[in-house]
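Could you build the full structure based on these sequences and the hints that come with them?
First to last, the sequence lines map onto chains A and B. If you read the first sequence in my numbering, its first letter stands for residue 566, the second for the next number, and so on. If you read the second sequence in my numbering, its first letter stands for residue 3, the second for the next number, and so on.
Hints in this document: simulated from the structure, not taken from any laboratory. Glycine included, every Cβ here is placed at the ideal spot set by N, Cα and C. Just so you know, not all the hints are guaranteed correct.
Straight-line distance between alpha carbons at most 20 Å, and here's what the computed SDA-like set of lysine to any residue pairs gives [to be verified]:
| no. | chain 1 | residue 1 | chain 2 | residue 2 |
| --- | --- | --- | --- | --- |
| 1 | A | K667 | B | L274 |
| 2 | A | K662 | A | E744 |
| 3 | B | K98 | B | E171 |
| 4 | A | K625 | A | Y825 |
| 5 | B | K180 | A | V695 |
| 6 | B | K251 | A | V691 |
| 7 | B | K98 | B | K180 |
| 8 | A | K576 | B | G177 |
| 9 | A | K573 | B | A272 |
| 10 | A | K625 | A | V794 |
| 11 | B | K190 | B | A272 |
| 12 | A | K576 | B | E171 |
| 13 | B | K277 | A | F664 |
| 14 | A | K662 | A | R753 |
| 15 | A | K571 | B | F174 |
| 16 | B | K6 | A | Y759 |
| 17 | A | K667 | B | R273 |
| 18 | B | K190 | B | L169 |
| 19 | B | K186 | A | R569 |
| 20 | A | K576 | B | V187 |
| 21 | B | K53 | B | P248 |
| 22 | A | K573 | B | L176 |
| 23 | B | K98 | A | G577 |
| 24 | B | K251 | B | Y37 |
| 25 | B | K163 | B | K190 |
| 26 | B | K6 | A | T743 |
| 27 | B | K53 | B | N223 |
Among chain B residues calculated to face chain A with C-beta under 8 Å, some are [as the list claims (entries may be wrong)]:
| no. | residue |
| --- | --- |
| 28 | I24 |
| 29 | I35 |
| 30 | P88 |
| 31 | R273 |
| 32 | L274 |
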Amino acid sequence: MFRRLKDKLTKGWMIFCLVVVILLPLFIGVGLMVKSSLLLEKHSVWNLLFTSSWQPLEGKFGFLPFILSSLWITIIAILISGPVCLLSAIYLTQYAKSFVLKIMHPVIDILAGIPSVIFGVWGLLVVVPVIARISPFFGSAGSGYTIISGALVLSIMIIPFILNILIEVFRAIPEELTESSLSLGATRWETVKYVLVRKAFPGIISALGLGISRAFGETIAVLMVVGNVITIPHGIFDPGYPLPALIANNYGEMLSIPMYDSALMLSAFILFIVVLVFNLFSRFAIARLERFY
Amino acid sequence: MKFKKTEETFFRWLMILSTSVIVAGLLLIISSIIYKGLPALSWEMLSQTPKGGFYFGKEGGILNAIIGSLYLSVGATFLALLIGLPVALYMNIFLKKHNRIVNIIRFFLDLSWGIPSIVYGAFGFTMMIYFGLQSSLLAGMITVSLFIIPIMIRAMDEVLKTVPIGLMEASFSLGSTKSETAFKVFLKQCFTGLVTAILLSFGRAIGDAASVLFTTGYTDNIPQSLGEPTATLPLAIFFQLSSPIPEVKARAYASALVLTVIILIISISARLLSKRYNKHKIKF
Numbered sequence: 566m567f568r569r570l571k572d573k574l575t576k577g578w579m580i581f582c583l584v585v586v587i588l589l590p591l592f593i594g595v596g597l598m599v600k601s602s603l604l605l606e607k608h609s610v611w612n613l614l615f616t617s618s619w620q621p622l623e624g625k626f627g628f629l630p631f632i633l634s635s636l637w638i639t640i641i642a643i644l645i646s647g648p649v650c651l652l653s654a655i656y657l658t659q660y661a662k663s664f665v666l667k668i669m670h671p672v673i674d675i676l677a678g679i680p681s682v683i684f685g686v687w688g689l690l691v692v693v694p695v696i697a698r699i700s701p702f703f704g705s706a707g708s709g710y711t712i713i714s715g716a717l718v719l720s721i722m723i724i725p726f727i728l729n730i731l732i733e734v735f736r737a738i739p740e741e742l743t744e745s746s747l748s749l750g751a752t753r754w755e756t757v758k759y760v761l762v763r764k765a766f767p768g769i770i771s772a773l774g775l776g777i778s779r780a781f782g783e784t785i786a787v788l789m790v791v792g793n794v795i796t797i798p799h800g801i802f803d804p805g806y807p808l809p810a811l812i813a814n815n816y817g818e819m820l821s822i823p824m825y826d827s828a829l830m831l832s833a834f835i836l837f838i839v840v841l842v843f844n845l846f847s848r849f850a851i852a853r854l855e856r857f858y
Numbered sequence: 003m004k005f006k007k008t009e010e011t012f013f014r015w016l017m018i019l020s021t022s023v024i025v026a027g028l029l030l031i032i033s034s035i036i037y038k039g040l041p042a043l044s045w046e047m048l049s050q051t052p053k054g055g056f057y058f059g060k061e062g063g064i065l066n067a068i069i070g071s072l073y074l075s076v077g078a079t080f081l082a083l084l085i086g087l088p089v090a091l092y093m094n095i096f097l098k099k100h101n102r103i104v105n106i107i108r109f110f111l112d113l114s115w116g117i118p119s120i121v122y123g124a125f126g127f128t129m130m131i132y133f134g135l136q137s138s139l140l141a142g143m144i145t146v147s148l149f150i151i152p153i154m155i156r157a158m159d160e161v162l163k164t165v166p167i168g169l170m171e172a173s174f175s176l177g178s179t180k181s182e183t184a185f186k187v188f189l190k191q192c193f194t195g196l197v198t199a200i201l202l203s204f205g206r207a208i209g210d211a212a213s214v215l216f217t218t219g220y221t222d223n224i225p226q227s228l229g230e231p232t233a234t235l236p237l238a239i240f241f242q243l244s245s246p247i248p249e250v251k252a253r254a255y256a257s258a259l260v261l262t263v264i265i266l267i268i269s270i271s272a273r274l275l276s277k278r279y280n281k282h283k284i285k286f
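Given below as structure tokens:
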């Protein structure tokens, strides 16, 4: 009798936890929406997203510089780390000997575990001085705190994340496909090019999509190297001011200026929506891919 | 024919190159942190709290941030364990036969895993204001635990998934209830894997800065209760680095080294642990 009761209680606790966990993203979305609705009532969405004048004291909230900075940084980071991850994922799943795998597994794990603030410190120590040195050749003032510095730091940060998904995608492709291609006389690389990459294409796109969503929300590391100047960036050697940095830099004074907290919560809400959409599509594609095999 | 061969070799080298770039990146990061941090590291830094004029390069250390970070992450990991472990067990024992539901739950967990930590921080902050709390150790713990719960559950889920169904059926046939099977059989069978999952989440918790920026505040003292603000290592690094004074900057590098060493210890011990200590595991 007592055992039955214990079983019931445990089950109840488990279901309660499960419901909390499932409802969590919903809660976050609704909470942020309620908080930002104050601003959305006064200004139109179009005005907020596509004007560039940011003067909280005068009640002007134009998110365009922040959104564009975030887009620039994310796209460049994915352009750098996408090909690197794809090539190494192919190498690790198709070519590499077992000792290479033995080295690479801990390397990927450790890289994935390094906190973002450490990446930021590294960016300040190495990336920013290097960029400051070369940026005059590209016709820029050369402080080193630029979009490209942020993108470089970010691209290393998201490598382990994308690489892990890509390795799983390539492992999911049945061995027979590779073998039949090889037995028809194709070389390894031809097999990769015509069979594997084609078969894994949806998976590759989803991995990159997840990488984009991860990059879009990264805060501290980018904030430390990107300059934080509120202008619309015109090139990769201009400073930028991405959305997460906006939230992180201004939380202190946000309660003293009217509507300011609402504006910051709106930027958190924008981040939430963008990340959610990218995640939704990518996870959906991966789930379908898994069912396909 | 010649071209085929050249293409093959070219891409092969390109692949080797990009794999080495990843290794080189990691080595570069760790070595530059060691190179800059080691000269500034001293026993005084590890064993003292900031004294007067610390932020102008005078005496003191970062003990407040080290202890604060440990308190925060241990608390957050404990809270996450209280909620995460039951969910992971429920998914793999009670719902073992309902694959569809489990996959939907996994989908939701992956979604919450993808939400950036700054969004968790902003959400935690609004909740804090709503409930009238001050920025404190407790608020930080709750926010960080929300942030690591999906990570922990997914990691545990991956481990529990591998338990063969036969073990569960054997346990049921001996008359044990589902929850007894969960806590007495599955927990023992997967013990090392679960500890690895906990360590992984602990590493996440100690390294994250964006979610504690709003919720834990910052102080020079070691917190005495849950209601006090708390310093954390990532924020200590961040704040000291923005100072123009070279001594303070050097301390930031040393703090970065401390954090890196903590993270390395966690990830290496997780790796060793998953290889050894399988005493209670039933082999199939």
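Outcome of the hint check:
1. For the given pair, A/K667 sits about 14 Å from B/L274 by alpha-carbon distance, which is consistent with the 20 Å threshold.
2. For the given pair, A/K662 sits about 18 Å from A/E744 by alpha-carbon distance, which is consistent with the 20 Å threshold.
3. Taking the CA atoms of B/K98 and B/E171, the gap is near 11 Å; set against the 20 Å cutoff, the hint holds.
4. About 10 Å separates the Cα atoms of A/K625 and A/Y825, which keeps this hinted pair within 20 Å; it holds.
5. Among the hinted pairs, B/K180 with A/V695 is inconsistent with the structure: their alpha-carbon atoms are about 60 Å apart, more than 20 Å.
6. A C-alpha spacing of about 15 Å is found between B/K251 and A/V691, which places the hinted pair at or below 20 Å, so the restraint holds.
7. In summary, the hint linking B/K98 to B/K180 is supported, as the alpha carbons are separated by about 11 Å, within the 20 Å threshold.
8. Of the supplied pair hints, the one linking A/K576 and B/G177 holds, its CA atoms being roughly 17 Å apart against a limit of 20 Å.
9. Restraint check for A/K573 and B/A272: the C-alpha separation of about 34 Å exceeds 20 Å, so the hint is violated.
10. Proximity of A/K625 to A/V794 is assessed by CA-CA distance (about 17 Å); at most 20 Å being required, the pair is judged to hold.
11. Note on B/K190 and B/A272: the hinted pairing holds, with a Cα-Cα distance of about 17 Å set against a maximum of 20 Å.
12. At most 20 Å may separate the alpha-carbon atoms for a hinted pair to count; A/K576 and B/E171 meet this at roughly 18 Å.
13. Annotation: proposed proximity of B/K277 to A/F664 holds, straight-line Cα distance about 17 Å (limit 20 Å).
14. Between A/K662 and A/R753 the alpha-carbon distance is near 15 Å, which keeps this suggested pair within the 20 Å criterion.
15. With a CA separation close to 16 Å, the supplied pair A/K571 and B/F174 stays within the 20 Å bound.
16. Among the hinted pairs, B/K6 with A/Y759 is consistent with the structure: their alpha-carbon atoms are about 14 Å apart, no more than 20 Å.
17. The suggested pairing of A/K667 with B/R273 holds, with an alpha-carbon distance near 12 Å, which does not exceed 20 Å.
18. Straight-line distance between C-alpha atoms of B/K190 and B/L169 comes to about 12 Å, which keeps the hinted pair within the 20 Å bound.
19. Taking the CA atoms of B/K186 and A/R569, the gap is near 15 Å; set against the 20 Å cutoff, the hint holds.
20. In summary, the hint linking A/K576 to B/V187 is supported, as the alpha carbons are separated by about 16 Å, within the 20 Å threshold.
21. Between B/K53 and B/P248 the CA atoms are separated by roughly 18 Å; this keeps the pair inside 20 Å, and the hint holds.
22. Pair hint A/K573 plus B/L176 holds up; C-alpha atoms about 19 Å apart against a cutoff of 20 Å.
23. Annotation: proposed proximity of B/K98 to A/G577 holds, straight-line Cα distance about 17 Å (limit 20 Å).
24. The hinted pair formed by B/K251 and B/Y37 meets the criterion: a straight-line CA distance of about 14 Å does not exceed 20 Å.
25. At roughly 14 Å between alpha-carbon atoms, B/K163 and B/K190 fall within 20 Å of each other, so this suggested pair holds.
26. Restraint check: the Cα-Cα separation between B/K6 and A/T743 comes to about 18 Å, which is no more than 20 Å; the hinted pair holds.
27. About 10 Å separates the Cα atoms of B/K53 and B/N223, which keeps this hinted pair within 20 Å; it holds.
28. At about 6 Å, the closest approach between the beta carbon of B/I24 and any beta carbon in chain A falls short of 8 Å, and the interface hint on this residue holds.
29. Checking B/I35 against chain A by beta carbon gives a least distance of about 7 Å; that is within 8 Å, so the hint holds.
30. Checking B/P88 against chain A by beta carbon gives a least distance of about 4 Å; that is within 8 Å, so the hint holds.
31. With its C-beta approaching chain A no nearer than about 6 Å, B/R273 sits inside the 8 Å limit, and its interface hint holds.
32. Checking B/L274 against chain A by beta carbon gives a least distance of about 11 Å; that is not within 8 Å, so the hint is violated.
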